[in-house]
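Novice: Going down the list, the protein sequences come from chains A and Z.
Residues 1 to 424 (this note's numbering) make up the first sequence, in order.
Residues 1 to 416 (this note's numbering) make up the second sequence, in order.
One or more hints might be untrue.
Here are the simulated lysine-lysine pairs, PhoX-like style, with alpha carbons at most 25 Å apart [said to hold, decoys possible]:
{"no.": "1", "chain 1": "A", "residue 1": "LYS3", "chain 2": "Z", "residue 2": "LYS19"}
{"no.": "2", "chain 1": "Z", "residue 1": "LYS4", "chain 2": "Z", "residue 2": "LYS17"}
{"no.": "3", "chain 1": "A", "residue 1": "LYS135", "chain 2": "Z", "residue 2": "LYS315"}
Short derived list, chain Z residues pointing at chain A, Cβ under 7 Å [as the list claims (entries may be wrong)]:
{"no.": "4", "residue": "LYS64"}
{"no.": "5", "residue": "ASP71"}
{"no.": "6", "residue": "TYR98"}
{"no.": "7", "residue": "ALA292"}
Some but not every residue of chain Z turned toward chain A, in silico, with C-beta under 10 Å [stated by the list, open to error]:
{"no.": "8", "residue": "GLN20"}
{"no.": "9", "residue": "ARG59"}
{"no.": "10", "residue": "GLN61"}
{"no.": "11", "residue": "PHE93"}
{"no.": "12", "residue": "GLN100"}
{"no.": "13", "residue": "PHE131"}
{"no.": "14", "residue": "HIS133"}
{"no.": "15", "residue": "TYR135"}
{"no.": "16", "residue": "LYS143"}
{"no.": "17", "residue": "GLU278"}
{"no.": "18", "residue": "ARG286"}
{"no.": "19", "residue": "ASN288"}
{"no.": "20", "residue": "SER290"}
{"no.": "21", "residue": "GLY311"}
{"no.": "22", "residue": "LYS346"}
{"no.": "23", "residue": "LYS353"}
By construction, these hints were calculated from the structure, which means they are not laboratory data.
Just so you know, even glycine gets a beta-carbon here, dropped at the ideal spot from N, CA and C.
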Amino acid sequence: MEKIEYKAYEETVYKTQLKNRLNVYFIHKPGFSKSYVTISAPIGSINQAYKDDKGMTHMVPKGVAHFLEHKVFEKDGEDISKAFSMDEAQINAFTEHNQTTYLFSATNELIRNTQRLINMFFFPDFTDQGVEKEKNIIQEELNMYIDDPLYKQYHTLINNMYHSHPIKDDILGTASSIQSITKKDLKAMHEAYYQPEKANVVIISSANVKSVFEALENNVELPQPTALQPVDTLAEEPENIPKDLDTIILDVKKPSVLIGIKFIPVYDNALQRIKESLALSIFMDLTLGKSSDHYENLLQKGVINDTYGLELAYEKEYAYALIGSESSNPEAAYQALKEILRDIGAITIDPQDFERMKKQLLGNFMMGLDAQESLAHQFTDYIQNDVYFYDVLKIASDITLEEVQAQRHKFNMANISTLIGKPK
Amino acid sequence: MEFKTTTIKDIPIHFVKTKQFKSMQIEVRFFDDLDADTVTARHLMLAMLKAKTQQYSTRKQLSKHLESLYDTHLSAQSMKLGKKHINQFVLTFPNPKYTQQSLLDAVIDLLDEILFNPAFDQTTLDEEKQFLHDYFAAEYANKTRYAAKRYYEHMYKGHPYNVNALGVETNITDVGLEDIKLAYSNMINNNPVLISVSGDFDEKDLVSKLSELPFSQGKALPKDLFIRHDFKTLNDVKETMELSQDRLFMAIKSDIYFKDDDYFILNVFNALFGEGSEAMLFQEVRENQSLAYYIHSSYAPFSSLITVVSGMDDKNIEKAKAIIKEILSNIQSGHFDEEALELAKKHRISLLKKSYDNIRSLSLKGLRNALFDVPFDEQRQLEAYQAVSKRDIMRVAQKLRIVFSYVLGSDDHGKD
Chain A
1 MEKIEYKAYE
11 ETVYKTQLKN
21 RLNVYFIHKP
31 GFSKSYVTIS
41 APIGSINQAY
51 KDDKGMTHMV
61 PKGVAHFLEH
71 KVFEKDGEDI
81 SKAFSMDEAQ
91 INAFTEHNQT
101 TYLFSATNEL
111 IRNTQRLINM
121 FFFPDFTDQG
131 VEKEKNIIQE
141 ELNMYIDDPL
151 YKQYHTLINN
161 MYHSHPIKDD
171 ILGTASSIQS
181 ITKKDLKAMH
191 EAYYQPEKAN
201 VVIISSANVK
211 SVFEALENNV
221 ELPQPTALQP
231 VDTLAEEPEN
241 IPKDLDTIIL
251 DVKKPSVLIG
261 IKFIPVYDNA
271 LQRIKESLAL
281 SIFMDLTLGK
291 SSDHYENLLQ
301 KGVINDTYGL
311 ELAYEKEYAY
321 ALIGSESSNP
331 EAAYQALKEI
341 LRDIGAITID
351 PQDFERMKKQ
361 LLGNFMMGLD
371 AQESLAHQFT
381 DYIQNDVYFY
391 DVLKIASDIT
401 LEEVQAQRHK
411 FNMANISTLI
421 GKPK
Chain Z
1 MEFKTTTIKD
11 IPIHFVKTKQ
21 FKSMQIEVRF
31 FDDLDADTVT
41 ARHLMLAMLK
51 AKTQQYSTRK
61 QLSKHLESLY
71 DTHLSAQSMK
81 LGKKHINQFV
91 LTFPNPKYTQ
101 QSLLDAVIDL
111 LDEILFNPAF
121 DQTTLDEEKQ
131 FLHDYFAAEY
141 ANKTRYAAKR
151 YYEHMYKGHP
161 YNVNALGVET
171 NITDVGLEDI
181 KLAYSNMINN
191 NPVLISVSGD
201 FDEKDLVSKL
211 SELPFSQGKA
221 LPKDLFIRHD
231 FKTLNDVKET
241 MELSQDRLFM
251 AIKSDIYFKD
261 DDYFILNVFN
271 ALFGEGSEAM
281 LFQEVRENQS
291 LAYYIHSSYA
301 PFSSLITVVS
311 GMDDKNIEKA
321 KAIIKEILSN
331 IQSGHFDEEA
341 LELAKKHRIS
351 LLKKSYDNIR
361 SLSLKGLRNA
371 LFDVPFDEQR
381 QLEAYQAVSK
391 RDIMRVAQKL
401 RIVFSYVLGS
411 DDHGKD
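If we strip away everything but chain A, and leave its shape as in the complex, we get (with noise of 0.2 Å):
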């Protein structure tokens, strides 16, 4: 067992191997009624195929990370989460781009919820029934999704940006793929994708470390290893954009605009890219965040209102950053902001602004620490590119003025792309 100390927090990391395969991190938080639970294999919407035992690679329907994450909590036939109750356990799961994660939050028995969980996990039980009775509840979740026009903003831009990659297919899939999708599809990409060396199991708590960890050891059954393989999902994606400006009809009373700006992130080197990302998030809130002049300005001119927010997605595969609000005249809106964002390689950061953004950075991060369902879900983010997340804190505090600065270089107008909404 290892242990990190991160005194100045005062929290403790504990990190242990089961059976020399299997990572499974403690974070010890004493005083919590709950525990914390998640357990996250490498696959998301964004994997569509796998390599079988001679190489070759097989694809499968889009949308089946998703179908298979409803579909891990069947076990002979029967749903586990009944399992769950019955030891105050809550279970949920949901689908990224490039992650599945499971979790469960329990006030009683953590060991044995863990440890049913890591089960489920590993050794779900696949039947042609429960696979076929899925889809129409999958086909309702899609339809939720369809009637959302905020959902659909996003969707339209993302395969505004993207000329081939997978990020711009629905995590759900579509209406023919779902309905396509077999059990044998979900039994490969399980074994592809579920595999004990590339999962992570976080755990917060405030149990006792020591019997914990002995437990899972002594319990938990791992799978045998496999022979198919994950796909490696670069996709040869061109850095500008198909589309620069678009108009959709959406079902609002309000128009809106909504831009997009594609990145190409730093691939091979996760420290890089994490300091990237942060320098580049601190950048965007420096000088279109709510406290900055360009904000204000916008609100001044009425071109948009207090709907207005950033967002930054910053993977391996893939980067973009969106800014978007609803606006009476998303015309003047959509050229205001093309004119920041033109003039954005001359800007000049303050030295007193960027402290201020440290001391908020700090206070962020420790607030941060209540929540044990973000502090879960944060600590698994970063520790796919083998960082803690409690040291994000320091390399965010040594990025330095200068390569924040050197943000606004990545400002390439070829590469935004803006849609317009307009009520019907």
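With the hints as your guide, set chain Z onto chain A.
Specialist: Then chain Z, alone, in the frame of chain A:
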């Protein structure tokens, strides 16, 4: 975790002292009647207090100041609790032991500035009025939210709580600066106040700092918060809109209110019936019949209504309605096993235990303690859940009546 109460100028303050969190929280609540004539100005006034102050005279300056206080978060919300309207201000900030500078004085100064040094001007009022118009317009964009709004409009027609805590849309335009100033003066001078503090702090130090704020002499907190309303059975309503999925809402009348004898039993009933993924509704409608992705029921203890919410293809709506009725009737006649009841109790117990892990919900417990004399600790509630029997559930279920169903969905002929 330690729960204590005291007063400053007769204003009740409750402290939740715990080392569990890295953050601290100070919350100030002002209570008034929920009144359609005044609520719009009252909400806009709150929004303006949050936007800027005399010292931080632009939105940007106030945002920058909050960032410099280690990302101190300011929330200002209008809420309703039964027939009362609450203006609630919350400052959440990292415990100063994790920051290099003493933060507490600065945070209390900021609270002082926000509450007692307002900067009311026409430009900000116009902006906030526009934001509020936009907020109401955006209710239409999210179809589940819009369906919920329509459902409540039908269900609560003529009900005294039928006032949005954020205001009346058609009154926004008429609100002027004078109305804002009047609403402010009323809040500061006439409203009962409750202060809550949660986290790891020095109580004496905090009391002395809070005593320096120019609060008016405290008034007694409201005790009579809800009205018992006899919900009548309404004709079912379907409203049409081009949708991929119909939204279904059903209202069940219980006549059981917060703190009534059957309150805990009804909560366990709701867990058995529709609250979580082990509930009978979810198991039948989603797991067995694959009709919907989601279905759940929620119990509102200040209005006594239980509302069932789901979304599905229009051809399945009638089938789902029939299942919901059948499940209710099965519970009324005792057609459910002890295991399901056990699961429902565990669900409630687990939710209760978890609610002590969140700094916001600790403050809500303090509120309930102050207004309803509900004990802060969980023991009594745990015992109440554990004591619920099958017979109790049947007895309470037999009081329930489905009084309304609402569907927002496609025209029956609009789909292939």
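Novice: Now look at each hint and say whether the structure bears it out.
Specialist: Evaluation of the provided hints:
1. A:LYS3 <-> Z:LYS19: This hinted pair holds, its Cα atoms lying about 22 Å apart.
2. Z:LYS4 <-> Z:LYS17: holds (8 Å)
3. A:LYS135 <-> Z:LYS315: Judged against 25 Å, a Cα distance of about 17 Å means the pair holds.
4. LYS64: holds (5 Å)
5. ASP71: holds (3 Å)
6. TYR98: holds (5 Å)
7. ALA292: holds (5 Å)
8. GLN20: Cβ of GLN20 of chain Z sits 4 Å from chain A, so the hint holds.
9. ARG59: holds (6 Å)
10. GLN61: With a closest approach of 9 Å, the GLN61 of chain Z hint holds.
11. PHE93: holds (7 Å)
12. GLN100: holds (9 Å)
13. PHE131: Cβ of PHE131 of chain Z sits 5 Å from chain A, so the hint holds.
14. HIS133: holds (9 Å)
15. TYR135: Interface hint status for TYR135 of chain Z: holds (9 Å vs cutoff 10 Å).
16. LYS143: Constraint on LYS143 of chain Z satisfied, holds at 5 Å.
17. GLU278: Cβ of GLU278 of chain Z sits 5 Å from chain A, so the hint holds.
18. ARG286: holds (6 Å)
19. ASN288: Nearest chain A Cβ about 9 Å off; hint holds.
20. SER290: holds (4 Å)
21. GLY311: For GLY311 of chain Z, the interface hint holds, since the closest Cβ of chain A sits about 6 Å away, which is under 10 Å.
22. LYS346: It holds, given that the least Cβ distance between LYS346 of chain Z and chain A is near 5 Å, below 10 Å.
23. LYS353: holds (4 Å)
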